[in-house]
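Top line first, the protein sequences correspond to chains A and B.
Going by numbering that gives the first Met the number 0, the final residue of the first sequence carries number 465, and the count climbs one at a time with no gaps.
Going by numbering that gives the first Met the number 0, the final residue of the second sequence carries number 465, and the count climbs one at a time with no gaps.
Check before you lean on any hint, since a few could be wrong.
What the hints assert, rightly or not - Residues of chain B placed beyond 12 angstroms of chain A at every Cβ, according to the derived structure: (1) Met155; (2) Asn165; (3) Arg249; (4) Glu284; (5) Gly338; (6) Asp399; (7) Glu441.
As the list claims (entries may be wrong) - A partial selection of chain A residues facing chain B, derived with a Cβ cut-off under 10 angstroms: (8) Ser43; (9) Gly315; (10) Gly391.
Treat the hints as calculated values from the structure; they're not laboratory data.
No experiment lies behind these values; they were computed from the predicted model shown.
All C-beta atoms in this analysis are idealised placements derived from N, C-alpha and C, irrespective of residue type, glycine included.
Protein chains: 2
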Amino acid sequence: MREPILLPLDQPELETDLAGGVVRRTVHPSGLRVLTERMPSARSASIGFWVGVGSRDEQGEREDAPGSLGSTHFLEHLLFKGTPTRDAYSIATSFDRIGAEHNALTAKEYTCYYAKVRDADLDDAVTVLADMVTSSVLDADEFEMERGVILEELAMAADDLADVANERFFEAVMGEHPLGRPIGGLPETIRAARRDDVASHYRDRYYPSTLVITAAGAVDHDRLVERVLAALDLSPEERWHTGRAAVPVRRAQTGAESTGADRAASFAAASGADPSVRITARPSEQVNLLIGAQGLRANDPRRFAFGVMNSVLGGGMSSRLFQEIREKRGLAYTAYSFGASYSDAGLFGMYAGCAPEKASEVVELSRLELQRVAESGITEEERERALGQIAGSSALALEDSDTRMGRLARAELGSGELYDLDASLERFAAVTAEDIRGIAAELAARPLTVVAVGDTARSTLSATAE
Amino acid sequence: MREPILLPLDQPELETDLAGGVVRRTVHPSGLRVLTERMPSARSASIGFWVGVGSRDEQGEREDAPGSLGSTHFLEHLLFKGTPTRDAYSIATSFDRIGAEHNALTAKEYTCYYAKVRDADLDDAVTVLADMVTSSVLDADEFEMERGVILEELAMAADDLADVANERFFEAVMGEHPLGRPIGGLPETIRAARRDDVASHYRDRYYPSTLVITAAGAVDHDRLVERVLAALDLSPEERWHTGRAAVPVRRAQTGAESTGADRAASFAAASGADPSVRITARPSEQVNLLIGAQGLRANDPRRFAFGVMNSVLGGGMSSRLFQEIREKRGLAYTAYSFGASYSDAGLFGMYAGCAPEKASEVVELSRLELQRVAESGITEEERERALGQIAGSSALALEDSDTRMGRLARAELGSGELYDLDASLERFAAVTAEDIRGIAAELAARPLTVVAVGDTARSTLSATAE
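Could you put the whole structure together from the sequences, leaning on the hints where they help?
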């Protein structure tokens, strides 16, 4: 079986051929890591500056820093607001005048500043991204202005019932685990946020050995490294560099597999109600349902079995959930299953949006379909179709440089193992019917949480969902 | 100036080189048109079956066919439900087992059945799409099941306040024009829909000379044409072919530029209220605002001036709306402007989501920014930036085969003129400052409509918006 490419933190240079590209990696003495994947026919490139800090790293509701919840995301906004040599307008025009697709993303375990540009514009994008990440001034007036923008962003998310359901689901399944917190914070923590909270977050977490720069497409590794080093100014005298640990640290890749029972018990104590059903009442036409449990962490060896199982259960129009809920009964427009994985924990969920009066039926159908795979497994025809779906959709996704750019970063920030397409597909193909039944049985045995957001009465769901 | 490629309906074969590809086109004696763009380095292909019929072609609220509103979209759903040789499950598995990105889309002037697949899977995709488009059985039981699915799709859209605002905006700006109707119909017309309405829509509108097949990426034109002809069975005896007009008809490319004043007057008569402000009250955190008027039809020669103007007004982070509403005042997370163009009419709009108590301020700011461009034009620096943005983002978009596949179809179904990137960019570059000020002045002179959806009181907005 083809082995993944290992990315040891103490190996300064690495070069290897992948299907469709050449991967190179440089680890600078400061701890900065640069990874590229050259795609021979590409005329554009995707570049990301990834900082290994996410919302889970915040102090949360600590009494002395009530505003720190949401500070990672607040910081991400502020990095667009100016440096000593570029004001916010200049940063905006730098991207707009080259027609870049650019954005930033705060996740639970990382923050990413991203641009996709024509090949000739890559140097410019690197210069601006490097300036933003290393030299933001976090201006006090801009801080106040951005507080308003973020409150509007939270308001927009609060009006999106699927977004609300997703946040509630993380909270319900992960409980007190820091992965359960909302990435953007809460309106009250954003209103309470102080510039000092965010500035200390920036100071404490952004330095060379937490930064990973990845690029894919029309990119020359040596030229990019040179450009990055010039832009970051990593001389020992440089403020951004001084006194920082030069050895990158990867997150621990192990964790409790499930704390579901404990968590459920603590909800019950708090609410005095059925711990497994959490309802957020909102006027709506549909109720948004999420049914699930704790899942697999990112480098769990069973992730390949989970991938095949998930494809069969809820991965497309021919999947069991789609067939049972939409095609056979017309109960929903959308029905699917998914996994979300982090270094030490993960989630598994099934989603559907349906008429409020059908909510308990849809919840029951979803539980039943999971149960059915857990008890009887899947057919050989389903297994083959899932492998075809994974192979085809992966190949299509990897044609985009941003997919490859993200794959490099997740491997580097995560387990330090880079699986190319062949290495992954061989592992998916090696999954047996019993592996698939086994992972479904494990998930089905965990205490299932049901989150419902929309116009529904608690009693409706409680009647069938225990 | 580089001329567009002309696509005459009476020219059976055409071949021409484009930047990044080779375009070929075949017009079959039946009226069927096949267009391809081969991208030399592509390993995958996008293929679309486009039928030149959209929601605007429905009979609407005709008394003898109350269920025909939404029948185009209903039909699109039903085409996935089975043919004499493939049931719904078989269609679903055909796409899933190759990991295709596939979907269908009903628009106001066309319907599209689409797949993106690896090169080796293109033949399979063609076979299934052809079967779906020509041979759907429109089974009565499936019809009833799908009615429920579509009602859930409408319910989902009704819960999305930006979606609701968009529908209201079309309705308000276009008035009685068929382009003003909601694409999916209304819950009451879907509940009233009869299988016969949809079947007659299918029979009357789907035949060779209304069908355009376009593909881009790793595609061989001759092989595709051969495959398509075999799959469609266009022999003169074939039911799908018999008795149909063999000459394709393009929609008229002219129309009233603005009927705004008439329309506004008729609203006033109906509601007894300010015709320019239309409020849909919903519990929400944000109010979704759309401010705009009738715009340009698709082949209006001023569309290049509009494109530059739109980029400066609301086309990115450095645009005036984003700067004034978000960056300087923190009033919104999102603020942008847009155009939507059809054969004989179009819309122009400005969107923002903001706190209800800020709605009138945001409306006023938006009107003011449009007015400012109308009166004082834009700077040379802004013009250059807009041209850079258009060039860069267009080049990036055209790397995707689906963008090129869609470009072919829009040209064929629309004006019959295909503008490649250079031909377009030359026209954008030729736009003068006065052209830009002129088009803004024209739009600003039209009666502006304001649509607000969310938790706001009518009076708040009426106070400032006339």
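If any of the earlier hints don't hold here, list their numbers in rising order.
-> Hints 1, 4 and 6 are the ones this structure does not satisfy, whereas the remaining hints hold.
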